[in-house]
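**Q** What follows is each chain in one-letter form.
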Amino acid sequence: GDSVTQMEGPVTLSEEAFLTINCTYTATGYPSLFWYVQYPGEGLQLLLKATKADDKGSNKGFEATYRKETTSFHLEKGSVQVSDSAVYFCALSQIQGAQKLVFGQGTRLTINP
Amino acid sequence: DAGVIQSPRHEVTEMGQEVTLRCKPISGHNSLFWYRQTMMRGLELLIYFNNNVPIDDSGMPEDRFSAKMPNASFSTLKIQPSEPRDSAVYFCASSLLTNSYNEQFFGPGTRLTVL
Chain A
614 GDSVTQMEGP VTLSEEAFLT INCTYTATGY PSLFWYVQYP GEGLQLLLKA TKADDKGSNK
674 GFEATYRKET TSFHLEKGSV QVSDSAVYFC ALSQIQGAQK LVFGQGTRLT INP
Chain B
207 DAGVIQSPRH EVTEMGQEVT LRCKPISGHN SLFWYRQTMM RGLELLIYFN NNVPIDDSGM
267 PEDRFSAKMP NASFSTLKIQ PSEPRDSAVY FCASSLLTNS YNEQFFGPGT RLTVL
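Chains as they are written, first to last, in our numbering: chain A, 614 to 726; chain B, 207 to 321.
Keep in mind that the hints were calculated from the coordinates and are not lab data.
Treat the hints loosely; a few may be bogus.
[To be verified] Simulated restraints, written as ranges between beta carbons of each label pair:
(1) Ser671(A) - Gly222(B): 21 to 31 angstroms
(2) Gly642(A) - Gly222(B): 39 to 49 angstroms
(3) Gly209(B) - Asp615(A): 26 to 36 angstroms
Virtual Cβ for every residue (Gly too), placed ideally from N, Cα, C.
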């Protein structure tokens, strides 16, 4: 079945550092790909998405490009802030059917001032 | 819009007791999802509904778990009897199912502790 693998956490960076969180997937067909973010004590929120190969999703300075040839959707940000500290989940969904999300295990990110 | 509403936010109970978690989806949404989050297993989909009908409950751990959606604005997840290994954060999410993907909106979760 479909699956998502994220880089192991936790990840700790200093403010203004460059961030990359790796995500690869295994799926049939052409799934849509997502990054969700979970701030402490809250539910998940959609951060960005890409629905087809070579699409780039972006939001709040974060970017991820749908790479079908490498089955990857790595999350990047050029300069992180303390407020970016959260758990980040990579996920995929097949458009056909119920559109249920398959999540990676999550990566906890801590940004130190 | 108030977003997805879950209650209670925290629940502490003793092993063997019945637990009922509640969810009110966003008005107009026609899909509802129940997830469980633990440190060991991450985020797991338990069950989802389309138009109030359960579509896939293969993620429900065992018969002690049951979920209902009597109408478009309310769903419950029940555990009877509860066990310590059921301790987790339970999330409800809703979305509008169309021919293209639409975002799932998550509630704040219910943190369940079974002693």
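**Q** Are the hints correct? Go through all of them and say.
**A** Hint by hint, here is what the structure shows:
1. Checking the proposed 21 to 31 angstroms range against Ser671(A) and Gly222(B) shows it is violated: the Cβ atoms sit about 50 angstroms from each other.
2. Taking the beta carbon of each, Gly642(A) and Gly222(B) are about 45 angstroms apart, inside 39 to 49 angstroms as hinted.
3. Range check, Gly209(B) to Asp615(A): Cβ separation about 28 angstroms, and the 26 to 36 angstroms hint holds.
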